[in-house]
Structures are given as structure tokens and as C-alpha cells.
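S.K.: What follows is each chain in one-letter form.
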Amino acid sequence: MLPLADKTIANWRGWLGRSGGWLLVVGLSLSALSARAAAGPDFTREVRPILEKRCGTCHGRLQQKGKLRLDAASLVRQGGKHGPAVEPGQPSVSRLLVRVLSTDNEERMPPEGAPLEAGQIAILRAWIEGGAVVPEKEVVAPAPAEHWSFQPIRRPAAPPVRAASWPRNPVDAFILARLEARGLPPAAEAAPASLLRRIYLDLTGLPPAIAEQDAFAAEAATNAPAALDVVIDRLLARTAYGERWARHWLDLVRYADSNGYERDAAKPLVWQYRDYVIRSLNADKPYPRFVQEQLAGDELPDASRETVIATGFHRLGHWDDEPADVDADRFDQLDDLVRTTSEAFLGLTLGCARCHDHKFEPLSTRDYYALTAVFAPLRRPQDGRTERTLPAGSPAELAALAARDRELTRLEDEARAVRAKFRDEYIQDDRCPLPAESLKAWRTPPPQRSEAQKKQVAESTKSLDEAAERAWLEPVRQRLAELEQGKQAQRTAVPDLLHGYFLQEPPGAPIPATQVLVRGNPHRPGDTVVAAVPAILDAKPLVKPDDITRTSGRRLAFARWLTAPENPLLARVIVNRVWQQHFGTGLVRTPGDFGLMGEPPTHPELLDWLAHWFIHDAGGSLKKLHRLLLTSRTWRMARQPAVDVSTVDPENRLWSHVPYRRLEVEAIRDSMLAVSGQLNPQPFGPPMFPDIPSQALEANTDKASIWTASSEAEQSRRTIYAFIKRGLVVPMLEVLDLCDTVQSAPRRQITTVAPQALTLFNGTFVNTQARHLAARLRREAGVDVIARIDLAYRLALGRRPRPAEVSALQEFLNRERASRSAEPTVAGASSPDEQAWVQVARVVLNLNELVYPD
Amino acid sequence: MNPNRFSPHRTLGARTRRDFLAQAGGGFASLALVDLLTRSGVSLAAAASARSPALPPLPHFRPKAKRAVFLFMNGGPSQVDTFDPKPALVRWQGKAYTGDAKVGSNGRPVGRLMPSPFEFQRHGQSGLEISSLFPHTARFADDLCVIRSMHSDTAAHASGCLQMNSGRVFIGHPSLGAWLSYGLGLENENLPGFVVMTDPRGGPIGSASNWSAGYMPAAYQGTLFRSAGSPLLDLATPPGTTDRTQRHALDLLNELNGQHLSDPARAQHSEIAARMASYELAYRMQSSAGEVVDLGRESAATLERYGINDRVTADFGRKCLITRRLLERGVRFIQLYSGGGHIEDTWDGHNDCLNNHRLHAAETDRPIAALMGDLKQLGLWDETLLIWGGEFGRTPTSEGVDKPGRDHNWHGFSMWLAGAGVRGGQAIGATDEFGFKAVEQPVHVSDLHATILHLMGLDHRLLSYFNGGLDQRLTGVVERNVVTQVLA
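Those sequence lines, one after another, are chains E and V. Going by our numbering, the first sequence opens with residue 1, and the numbers climb by one from there. Going by our numbering, the second sequence opens with residue 1001, and the numbers climb by one from there.
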């Protein structure tokens, strides 16, 4: 089947691309693959896999013993310190063959494992005999240190373009120049109404309201591009912007509201971190600062409650409160931090180097453990299986709180002493109203009390204290009142601090040395390492900042290194992520992997220009970056290319148009709530619990108690406020491709499967919104059928219906009303007309156009 | 190009889809085209996007089994009371265990060695020893391959269930069923490829983490199937909507979506077309999935054989019969849980292991035997792999002195395989004389996974999924081996 063959090629391309030039053969095609050079086996297809598998560890891109690299035919011919590895046409004198054939164990290659198999040797021999042909256009992968993403970010000049009037900003120039070089025109600009809806969904995850559509139409009549620019600024100022974009960030930092595993306990107050992200984005906190706060908010010179809440980042991961291996548990928690940090901020897959040096990247176990040392001083506040929260505040606030608590203790101790002293006197007093037996017991010195007396004392303590209190003499009463006032004054002067959910470097706690674990085994510690970043990026260890006294300073040192303008990765990685959210795919199509195995950027100069501009001109402002991208002509192109690009650029790597892309589940659900009129805009605070069908609860250990849905009004808040339980993800979110809740998720999967249709067509949520939407249409558009259809389309799709759509809907309504009227009326059911409109609303909410905006 | 019911439509090269749609005629209002799209679905192609093309095609070799059933005895059945006879325990009765293995789970009291009260007898021509808990299963003794030397890495249910299902003690990794769906795709697009049926008392500890797709697309995860009523979530037409209206509403949706797609600017976007097709498939599934759980056409004798008329066996019997019906319809992997919730509602016999096992064995023995008998009669035996066992075993010691409970034991426990590609009538490996620790031919959970994959035509060293910078495998990075003695 032809499409399948094509698919295979497409997959090849994707994978080859991902290998970052490692195996990149320019101009690969099916015919090239099947064509075998007459002069022996194809190096790439037949020889290289053998060399890669058996020789690659010592003679590959990452390591070159004897200065010999065998991962490209040209390098094999070039050879190492002993000269060329092959003599073309002469296998018997080719060092490569001589060494693998050697019977001398000292000589034979590879030195470890079995010798090469006869079939493998035959291929090597045939290739050499055939002339050791270097494949046409062979591209040799650069040495790791020369890898593009590790190079300093420089700002290239925007390239010249022929259609000089097309670019609105430098982004457009970079895109257009490449298109022009390939002779492709950019797509036309999308219709203003489509762009309005696109901008709303993109920035806020919500569709434009009717009044906003009307206002825009009026402004756009004279100058649509300028009117759109104004809308961008307006939307960036809304809370809804942060609510939309915080979710993208939560994907990266493996956010969830529970720990997973057997108890899958809720993470107390973790939602404060989610709110922190929303507020930070809304405040347009510079990105480097945003990163510093999450990694080291407690160590910053201007640490505050806010920056301490930000360090909740460290505690978002899964946590088994009954770990299988207690010794390994601590390293598993550190692993979660190293993995998430390296992938989310650096776009590097350092987690793979836990047990052995990374197979495909210049990352060693030493690099891995050096980064665990950054987080090693952190401790999880817990009482056994129960997690504790801690007061969150600035160092001064925390110090004041500690001082207050010491003073409160002192005052309480004194009050206790005053009361005790009076009671001791009172029991000697005949007016003491205790029964004689009890009084006798009290008057007996404690060591001499009998068992019965001890019991009497215990039983009468409460009544004695009450009686004593009634009998307090004035000086006693006065002193106690003073002490109580003192406590009140303390509490007023220094109120309690709100708690938060984060890890802590306990003051004064010793920090164990960090050792490399051999094969990742916690019982096999190896060399000691100090906190450092991967050596390929910076060979110097991290140095404790001078201004740090309370903590180890390791995270602050790391955060400062990470966010320094010289770091080649931080800015590239984030601008690529923002590009991906706006355009569907990134300039680097492996957003979580900028290493050797990642794909190189489609537009390296544009990526660098953006990264440099972001740090140096925009000051790390994400809002400025959004504005730059959304005001570009590139972003405003239509979904449809101007010419057929299906053969020249099937994957749209040149950006000749902006392809269709399904909305994420949050934007789908929130849009439906907005359309039905039920959206509860209440921001922030504890999460809400959407309905989970009882059927989905049955599979849980504690099916009766595991989930209690919130009120409908609460559930109608935006989806970012939904409780994400690792062991029980709300089915609607799960089926519509919510990200993995355990690991950093650089990209949402987009799948199209029938369970999504079942959920959206039959599920409770959409059918409830359909009823609300039908009622809204009746309420807001009156009895006129056309007016209702018109309103439905404008609410859901931001456009008016076309005549063919109106007639299809009318026909359905007529038929549905007629057949419903013919059926026996069910008690309590609404009228046939109302029911028919509910069905119309249900269909509108399921339209492709709703989830695939133009 | 795959809007299949349970297999994801991944975004592949745009060119592919466009070419296909062009060949198919461009326009998109006709149901014929929807059908065409459906039939053209190749789930392997969808899966392939995360596989490197340098890897061999799937399956790696001719599979012995096309489908598998995992009879998950949730909570951990005791090996010395089921398939691992230890007469020496009679001699050691009341004595303390003095071996080097850590006894039991976190902080529970350690008692004395306790022999099984259940009589072991030799069955079949092979003389395989099976305890009196399973008189019905014992009829198939010559088909069972018991592994007496299983071992795992954890004493806790959560991590134990995770390990048995996904090979890891951590959440976030794809389960065995997800790997099979990913590796082998669907036989029947109208039903899920990976079905899970839990116990009415509740799910296993860790719930959905046990049938998760981890970092793979959600479409590979296990689908919960109810054995009565509406089997799938949101399968039923919503209240107040008649079947007729359901069809009409879907027709209207198709009409409007068709108009949308007929715009030349969109006609080539097959992901939008695939979404249309997914609604038709969902509609068709309403009948195909409903039909599976409708046992109305099964004979009275069949219902009796599965024990559906007996209160004790009714639930598991129903699930086993539905399992047979799912297998007949080509469902790839079915996992049935016996026991749910906590402690004695599962095989987790901390308090009274003996009565616990009497109950749970009685609930499952007859239905499992009925399933095996039917598979043989229907000619499905040679295509189906059966796997029986829990997340670990139990201690040969009692939990607390003179108490009838047994604690968790992960050092050695028993499981059995049967069916396609399995050499029955044998017991592999051995525990020590107490039944504590696997000492002969130890089989790690990941070795079992390697063996299951092998029987399904997959090489555990080659079946991989690229994630987080690594080609991930079900069996992890440590070297694991197929237990060749299992193979017929």
C-alpha cells in the first residue's frame, strides 16, 4: 500500500532528523535506500550498524580512543593515530579487518565481548574490497563540543528579502528568506475573524465574546492588523492569559495535585505553586528571575513568601511514601529533580546518565551525580507517611516568627508557673471545694501517693483547676491577664505565617558528601563529586555565593549559572517552547532534547536571533515575546499554503503556512463552558473536582471515598483548577490527551480515537453544557430560529453560519420536533422544541471547527 | 491515517495523509469514505512513529500466541498453599525461620513456620502437584506450566503491582498491555486492544497506574470494561436521547463537519477527517461493545459451567465468559482482577490466609477452568496465552505467632502459564525447603515479561519506545532472559 511506504519514509525522516545529523543523509529517498552500489555494501545501511554496535563506545562521536572515529565512512578512511583504518580494495592490509580478525586477545577488537560474527566480518571485508566507498553527500556529525546548541548565542542580522513589504518584523524576514530561496510564497493572511478567534484561544484559551467580536469588527474595518495588535495587548493583560500559559508550564514541571502510589495522598497546598505560576506570568516576571525563584527562591537575597512558594517546584513529583527500597528512595527523589531540571530548563536528557555514561550524549554519570549534589541538601518535611507543610516567608519574617514563638513559650511558661504556684497554695486552703479524700490525695507529696490517690488526683485535676481559677487572688489574676495580653501583643505584632508546600534545607543539618553510584546502585558508592553543571557546558564546579549563610547556596549558584546570559541553552529552549505553543511545532522539533539526539533547528539563525533578542532586548519578558510572534505576518498566515507544498515541504519545515492543530483539552473544556455561559471565572485557590462517572471509580481500591465531585459552579471553573490525581485522572482529561503526570512533558500528544467521540458526544459534561447552551440561545436570541442559530455559531465559532449550515440545522430541528411530538411525552421532560434545541447545541459543541480553529 | 477505535492517530508526515485522501477522492461527506479510512487503519504505522526505523519490524518473529489473558490474583496468593508443596513445613511447624531473607513486609509481626492445611495431589499424566484449593483448574494440570521460582523487588502492594504490570516499581511506565498494543496493534478496531476488568470490591492498589500507557499515547492504555450494563465509559446514549435522535444528531454533525471539510482549504487535512471518522466508529461501537457483554445467547449449560448462577463464582464467572467472547473478537490482551480493595477482600491474607484463600480460590477456580475448556473447544487454545498469579507470594511463616495469616513474600512465589506456545505439565524452578526464597532457576518478574513478549512474537531487547533520551524497554536496562523451559 503506497501510503504505508510513504509513511515509513516520513518516519525515517523524523527519526533521522532526531538523531541530529548523527546519521543524516541529505536527500534520502526510497530509491536511494534500495539502490545498492555495485561496489560493495552500503556503508550507512550495512557497515555502520556493525561498527556502531561493537565499536561505537570507544570509537564514536562521544569518545575516540586512538583518535579513531568509526561512525562515518570518511572518518574510517581518515583513521586515527596509527593511520588509516582501511586500505580501499585491500582488506588484508586494512587495520580495521586485521584487528577484528586477530586471535591475539591483546590485539583483537573489540577487546570486550565475543569477536565479530563471520557474517559481520564478511560485510566489512566486502565494503573494503569494494573500495570502502564513502556514501554520496555523507555528513559527518560534529564533535560534541561543537554541537550547535552548546555554542554561544549570537545575533545574526535579519536576512534581506525580495518581497520587502511582507515582513512586519525580523521573524518574518528569516522565514520569508528561506521560503524565497525555495521559490515558495508564504500563505495569504488569515481572515480577521479567524485571527481574532485564534489570538483569543492562543493567549487565553477562551473564545471571544459576542461584544468583543462586534467591537473588533468595527475596529478592523479600517485597519485589521492594527486592530489585532490592540487585542493582543488587551488579552496579555488578562488573568486568563496566565491561566492559559501556566498550564503549558505545569506540563514541563510534572505538576499534579497528588503523590501517586498506594495512598496517592493529596499534596497539601500544592495549588499555591500553580497560582504562583499564573501570577508570575500575569506579572510578566522576567524569565530568568522566574527560573531562579523556582530553583532557589529561598536562597535569593530578596527571598519572600512568593519566592519560597516558587520552590514548590522541587516537591511536585511523584512520591512513594512506602518505597520498595528505602536506600534507593532518596536517590529516586533526587533523580526526579535532576531529570526534570535538566529537561525543562536545559533541554538535556541527563536522567539517562544515572547508571552509566549517556550512550548518545556527552553526559557522564559524573555530570549526573554532580547535579544531584545541587539538590542533595533538600529534605522533605514529613512525619512518616504524612507530609508536613512549613511556614513560608522571607528570612526576616521567618526569624521574627521564630523569635515570637520563643517569646510566646516564655510567657506561657511563666503563666503556667503562676497558676501552679497558686494551686499549690490553694490545696492547703480549707475553702478548697474538693471532696476530703481528693484533697488529702493532693496534699500528699507526689512520691508518697498511693495508686488510689494518684487516680484521685488525675480525676480531680480539672475540677481543682476550675475551682482555683474562681478563687484566684487579684495579683494572680492581674499577672495572668498581663501575660495573656503579652501573648496577644506578640501575635498581633508578628502574625502566623501561611504555610506552603516545598522542600527545605534544614538549618544546620549536615550535608552528606555526594558520590557517584556505580551502575546507579545506592549500595555501591564510588567517587565523590562536588556540585557542578554538565562538564560539556562548564567545566568549573559551582561556587557557593558570598551572600549565602542560611543554606548551602548550591541551588542559587546553579540557578545563577543557568540564567546567566552566557548560558547557551536556557533562552534557546524557552523561545522554542513559546514558538511551539504558537505555531504547533517548535523550530527545534524535539523541544525537550537539544542534545546530539535532538533535531537541529529548522531555522537556526531565527532561533538564535529570538534567543538573543529575548534576553538582551526583551529582558526576558515573555509577553514581549508573545507580542513579537503574534504581530508577525508569519503567525497570521492562513492554515492553507498558497501553493501545494506537499512534495517540496511535506512537514512544513519552511513555515509556508500555519497548520491546523487541535486545541488542548483545557482549551476545549473551557471553550465549551464559555459558549454555554457557565464558565465560572473565579481564579486561584484550592482545586475543584470535576465529575468522574461512577463506572470509572469502580476500579479503585477505595472506590467509595476516593473522589467527591465539587458543586457544578465550582466545576465550571477553568480546567487548570481541576485536581490532577496521579492515580485517577479525570477521564475526560485523560482521553483527550492530558500530558503525562509523572515526567516533564515537552509536548502534548495529539491522538484521534473513538473514546474521545464517546466522551464528547455521550458524556455528562458536554451534554450538560448543551442544555445550558440551548437555554442560553432561547434566553438571548428569543424565539427566532435563525437568530438562535446565528448566536450559536458566533458563540462557538466566532463567525456567522453559512446558508447551507442554517438549512441543515433547520431541517434537523423540524424533523426532530415532529418526531419528538409523535412520541409519548415523558413526565418532567422539556418540550419537543426545547429538546430539539438541546440536540442542536450538542452537535454545535462537537463540531470539528470548535476544536480545530482556523 | 488511523482513526481506529483504540489506536491513536498520530501526526505523521502530512504528505501521506494528503496523498491518501487524494486517492480516496478528496471530498468527505460519504460514509463509504469513513469506512475506507477505518479499514485502512494500520496501527503499526501509528506506533512506528516513536520507533527507530533501524529496529526490525513488528512482530519480530512468528508469534506463538496472538492474544493473552492475565488472571491477576490481586493481593498476592500464597505459593505454599497453591502450587509449591512444602512437606518439610510439617516438620518445621512452630519453629522460627532462620534463613537470611527478610521476612514479611514493613513492621508486621513475624510468626513461626506454618504448613499448608491444603492437601497437594498429583494430577494428570504429568503428575503436577496442585493444592486442593483448585479442583477444577487441576483438571488442566497437563496444560499448566508452573514457575515456582518467581521473585520481585518489593514487599509493598503498590510497587509490587506496578512491577508485575509495568516492570518498574515506579509509576509512569507503560504496562505490559500497553506494550503489546503498541507492538502488535489491533485485531478488531471496534473493540479496545487492551481490556481490564476489576473486582466489584474495588481495584488493585495503584488503580489505573497498573494499566497506564505511561509516556506512550493514552490510546495504548488499558480500557476498563464492565461485565454488566454499559461496558465502556460514555458508551450509552445520554439520558433523554433516543436511539433515533442519536443517529440523526450524528448525521447532522457529519453533514456540518462535511461542509466544513469540503472547503478546498481544508479538504487535505486528514486529521480533521479522522476526527469525523472517529465519531462513526464510536457509534458503531455502541452496538459492538454492548453485544460482548450481552450473554443472552449463551446456553444455560455455559452459564452453569462458568458458575454464573452461583453467588460465589458469579462475578468472576461472568468476567471469564466475557473474556472468552472478547478473545473470540480479537481483543489482544485482557486482564482480570480477582480481589479488590484491601486485605481480606483480596488475596492479601494477613489475618486469616487460609480462609481467605478458600474464598478467593472458590470464586475463581471454576470460571478459570470453564474458560480453559471453552478455549480448547473453540480452537482458541493454540492462539491464547494464559497467565495466572499475583504481585508476589506469601510467607511460609504465619503473621504473628499462632495466627493463621501470612505476610508478603517477594523472595519466591509461584505463577503459572498455559496455552499457546507453553509446555504444560511441568514445574520450573524451586524455592528453598520452606518455600521462602527462589533458589533454583530464579525467574525475575522482568524475565517473565521477556517470556510473555517472546510468546507474543516480540523480542524484549528490541521492543523499545523512544522517551526521555533513551530507547525504553519493558524489561529495562538490566539484562533479562526468556525462560526457555516454558516454551513448547
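Please keep in mind that the hints were generated in silico from the structure rather than gathered at the bench. Take these hints with a grain of salt, some might be off.
Label-pair ranges, simulated between beta-carbon atoms [claimed, not checked]:
no., chain 1, residue 1, chain 2, residue 2, range
1, V, P1239, E, F684, 32 to 42 Å
2, V, S1126, E, P693, 45 to 55 Å
3, V, V1439, E, A539, 47 to 57 Å
Note that the coordinates shown come from a computational prediction; the quantities given were computed from them, not determined experimentally. For each residue, glycine too, the CB sits at the ideal point set by N, CA and C.
S.K.: Which earlier hints can't be squared with this structure?
M.R.: none
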